[in-house]
Structures are given as C-alpha cells and as structure tokens.
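K.L.:
Residues per chain are reported as follows:
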Amino acid sequence: MLDRITGKHLHLPGQHKDEEVKIVFRRSIFFLIMPYILNLILLIILLVLAAILPNNITILQDPFIVSIFDFIITLIIIFILYTAFLTWTHYYLDAYIVTNQRVLTIDQIDFFNRKVSEADIGNVQDIEVVVKGFFSNTLNFGDVRIQTAGADQRILFFDNIPYPYKAKDIILKFAEDNRKVELHNAYTYDPTKTDPNSKSQDNNNNTQNS
Amino acid sequence: MSNQLFIITYLLILIAYIVGSIVMIYHIFAFGINTKVGFVSSIAYIVGSVLLLILLYTNLQTILDLTN
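Sequence lines, in order, name chains A and B. By numbering that gives the first Met the number 0, the letter at position 111 of the first sequence is numbered 110, and the numbering carries on one by one without gaps. By numbering that gives the first Met the number 0, the letter at position 34 of the second sequence is numbered 33, and the numbering carries on one by one without gaps.
Don't take each hint at face value.
[Said to hold, decoys possible] In silico lysine-lysine, DSSO-like type, Cα no more than 27 Å apart, as pairs: (1) A:131 - A:16; (2) A:131 - A:165; (3) B:35 - A:165; (4) A:16 - A:167; (5) A:172 - A:16; (6) A:167 - A:131; (7) B:35 - A:114; (8) B:35 - A:16; (9) A:179 - A:165.
[As the list claims (entries may be wrong)] Beta-carbon label-pair distances, calculated as ranges: (10) B:52 - A:63: 14 to 24 Å; (11) A:52 - B:8: 18 to 28 Å; (12) B:54 - A:175: 50 to 60 Å.
[Stated by the list, open to error] Among the chain A residues that face chain B by a calculated CB cut under 8 Å, a handful are: (13) 63; (14) 91; (15) 180.
To be clear, the hints were calculated from the coordinates, so they are not data collected in a lab. Note that the coordinates shown come from a computational prediction; the quantities given were computed from them, not determined experimentally. Every residue, glycine too, gets a C-beta built ideally from N, C-alpha and C.
With the rest of the complex left out, here is chain B (with noise of 0.2 Å):
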C-alpha cells in the first residue's frame, strides 16, 4: 500500500512537471523573438531537468527497496 503511494506520488509530481514545463516551452518558441536563445536555455533546462528526475527515481527506488 505504502509503495503504491509513493509510486503515484512521484507520477503525480513528474505528470505536473511535465505539463508545466510544455507550457513554458511553447510560449519561449510560440512568442520568443530570438529563437537561438530560447532553443540554447530550453535545451538546458531539460538536461538539468532530466538529470534531477532521474536522481528522484533512484531515491524513489531506494524507498521502495526499504519498504519491501
């Protein structure tokens, strides 16, 4: 019961990152003006962005270890 919490927590919070983050990107490339900027720090933001999301799944996986 208690995996299954975390589990859906962490979808939840990667499910609301995910959203939020398309739409910050498509406004920099729907309203931007000086696309090679927007492209440069969109890119960044989603290598440091997919970085951190794979550092929650590892704790993600230790907590589901522990439980087990």
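With the rest of the complex left out, here is chain A (with noise of 0.2 Å):
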C-alpha cells in the first residue's frame, strides 16, 4: 500500500548514520483517491460537453471557433492533469516516519514551505489515537499524538494514518526495542573502547593536568 511502506531501499533526508528507517506512514489513501474523484468528474463532464456542444449550438459549426472551443479543451484537461500531479506530490511529500532512532513528521505545506518536527524514539511516553467520524470508523483511519517525555517534551501528530491502533503498537515497540538497546549499550559500556577523539581529549587533560 501507498500509505504505508517499509523496507531499507527508503531514504530520508538528513538521515542520520547507523540510522534505519522502519516504516513511513502516509494519510489513509483516501485523501488521494477524494480529489481523484473530483477531477475525474470534470473531466468526463468536460468531455460531454466537448462532444454534445459542436452538434447543438451553431456558432461552433465555425471551424476556426471549433479549433478554438478544441485548444481551450485541451488547456483544461492540462491543467487538470497538473492539479492531479499537484495533489499526488503534496500526498507523497507528507509523511510521518519511525527510525530506530527518531519519529519525524514531514508536512509539506507548500513549495518552499516545509515543516519538519522530530523527537527521539526512546523518549516516547505516551500514544494517543483518536478515530472521529464517519470516514474515519469505516475506512479505519485516524490521529496518531505521541507525546514524549524528558526535558523537550512534545507531542507529535500523525494526521489520518490507516490503522491508527496498529500503528500505535508498533510505534511502542519500536520505543521499547530502542529503551532495551540503550539500556544494554549503559551497561556493556567499556571505557577503553572509546572512539580515537575522545582518547586524545582524555590525553589533552591528562597533560594539562599533569
């Protein structure tokens, strides 16, 4: 599904190293297929009336006002097509994203407008869902809030994801594996393997002090 993808071939912007990306979340599809329907609906009414329009009124029998009734036509399917592509990109651009690390959520406003939040994954406390109407209940979709806790606290909202109570429990998950990581890296942390810059910090002091 659209709305929902896994794999390592995913890349983020800005990812981090040893960074992974678990899963993406995306809108339910719902909020794609909607506009769909819409400019679908005009264009088979565009299409009618380009059909039906030349045989009744008779200024159109004019073949230099039929090619200009067939180049207007034309421009609007175009422009049809561009607000098809427009609304796909906004769907794809927007995305709410677990890493063994982070929760981001990316929402592209407009072009040149993004807004990018991000809280560590280990510091998530709580999730909250919340299914509201209609649509939501029968087409299983709806809000995501994480709240995190320490001293950035924040909420994060993931809009209208498809299963949201799944999402949620794997979202906990992914929380818990990284608590259990970290958890196990305090307690196997051996001070002589520490990275080469450190050491030579370490032996920095050691001579000041010295």
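These two chains come separately, so use the hints to put the complex back together.
P.N.:
Next comes the structure, spelled out in structure tokens:
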C-alpha cells in the first residue's frame, strides 16, 4: 500500500549515521482518491460537453471557432493533469517516519515551505489514538498523538494515518526496542573502547593536569 | 497579428507549465522518501504532459492554418 511502506531502500533526507528507516506512514489513501474522483468527474463533464456542444450550438459549426474550442478544452485537460500531479506531490511529500532512533513528521505546507518535527524514539512516553467521524471509522484511519518525555516534552501528530491502533503498537514496540538497546549499551559500556577523538581529548586533559 | 497572439499565448502556457512541473519534480526527488515511487509517478506525468502538449500544439497549428 502507498500509505504504509517499509524497507531498507527508503532514504530519509538528513538521515543520521547508523539510522535505519523502520516504517513510513502517510495519510490514508482516501485523501488521495477523493480529489482524484472530483478531477475525474470534471474531466467526464468536460468531455461530454466537448462531444455535445459542437452539434447543438450554431456558432460552434464554424471551423475557426471549433479549433479555438478544442484548444481551450485541451488546455483545461492539461490543467486537470497538473492539479492531479500537484495533489499527488503533496500526498507523497507529507510523511510520518519511524526510524530506529527518531520519530519524524514531515509536513509539506506548500512548495518551498516545509515543516519537520522530530523526537527521540526512546523518549516516547504516551500515544493517543483519535478515530472520529463516519469515514474514519468505516475506512479505518485516524490521528495518532505521540507525547515524549524528557527535557524537551513535545507532541507529534500523525494525522489521518491508516490502521492507527496498529500504528500505535508498532511505534511503542520500536520505542521499547530502542530503550532495551540503550540499556544494553549502558551496561556493556567499556571505557577502554572509546573512539580516537575522545582518547585524544582525554590525553590533552591528562597533560594539562600534569 | 492574431497569429502572433496565439503563438505567444501558447509559449506562455508552455513556459508556465514547464516551470511548474520542474518545481514539482524537484520536490519529489529532493524530499521524497521512496525514490522508486517518485520516479515512476514523474515519468507517468511527463509522458502524459508531452502527449497533451503535442495535442495543444496541433490545435494551435489548426488555428494558425485557418487564420492564414
């Protein structure tokens, strides 16, 4: 499905080292199909008018007027294709991402206007699911609100994602896995196996002290 | 004179459409997560656009032939 994708081939702009994208949620496909249905209705009306009008209106019997009429119809069809792709682009660029390190929401407000919020997945404290309305309940989509703990408390919103209860379980599982890994790293921490930069810093500190 | 008007109108539409399309495709490749999906959708859009712009050009040709 387009609205929930997983896999290692996924690339996240600004991806950290050793960060792996676990799952990407998008708004329910309902929000992509609805504008497309409206576009399709508009296109059908346009094609029906293009077929009926030249036979019934006398002005449209003139070849010059007919060619201008065809030009305008083609122009409107191009505009419909453009708006369809614009809808798709907005749908595609809005994403809610869960990696092994972070939870991110990417909101493409407009072109060249983008809002990205993120939180450490280990800090995920509470997740609230809101499924409200007829379409949300019948088509199984809803909002997921993720609250984080720690010094920078914040709430991240995953709006209108499909299967929100399952999404909540998945996010909680990844958060729990992250906490386990961090706890394991803390217990198995070996001070002799530090990276060269921190060693050189330690050496500098020692020389300064001596 | 009217021929030039039609040609200028067509060129303005063409330029606006191409600029708008480049902006959208740039966003898809710059900020998209699943590049395979972005690539396929962009190709479908480009093919559809080229066909419709050719159709628009033939309409323009008909208009120009009738005005001459």
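K.L.:
Can the restraint linking residue 35 of chain B and residue 165 of chain A be considered satisfied, given a maximum Cα separation of 27 Å?
P.N.:
Holds, at about 26 Å.
K.L.:
Within 27 Å, alpha carbon to alpha carbon, are residue 131 of chain A and residue 165 of chain A?
P.N.:
holds, 16 Å
K.L.:
Range hint 18 to 28 Å: satisfied by the CB atoms of residue 52 of chain A and residue 8 of chain B?
P.N.:
With Cβ atoms ~22 Å apart, the hint holds.
K.L.:
A closest beta-carbon separation below 8 Å is what the hint needs, so does residue 91 of chain A meet it against chain B?
P.N.:
holds, 6 Å
K.L.:
Would the hint linking residue 179 of chain A and residue 165 of chain A be met if the CA-CA limit is 27 Å?
P.N.:
Cα-Cα ~21 Å, so holds.
K.L.:
Check whether the Cα positions of residue 16 of chain A and residue 167 of chain A lie no farther apart than 27 Å.
P.N.:
Roughly 26 Å separates the two Cα atoms, so the pair holds.
K.L.:
Lying within 14 to 24 Å: is that true of the beta-carbon distance residue 52 of chain B to residue 63 of chain A?
P.N.:
This hint holds: roughly 22 Å between Cβ atoms.
K.L.:
Given the hinted pair residue 131 of chain A and residue 16 of chain A, is their Cα-Cα distance within 27 Å?
P.N.:
violated, 39 Å
K.L.:
Straight-line Cα separation of residue 35 of chain B and residue 16 of chain A no greater than 27 Å?
P.N.:
Between residue 35 of chain B and residue 16 of chain A the Cα gap is close to 22 Å, so the pair holds against 27 Å.
K.L.:
Given the hinted pair residue 35 of chain B and residue 114 of chain A, is their alpha-carbon gap at most 27 Å?
P.N.:
Distance ~23 Å between residue 35 of chain B and residue 114 of chain A Cα, so the pair holds.
K.L.:
Let's test the interface hint: is any C-beta of chain B closer than 8 Å to that of residue 180 of chain A?
P.N.:
With a closest approach of 24 Å, the residue 180 of chain A hint is violated.
K.L.:
Take a look at whether the Cβ-Cβ distance between residue 54 of chain B and residue 175 of chain A falls inside 50 to 60 Å.
P.N.:
holds, 56 Å
Going down the numbered hints, you'll see the structure goes against 1 and 15, while the others check out.
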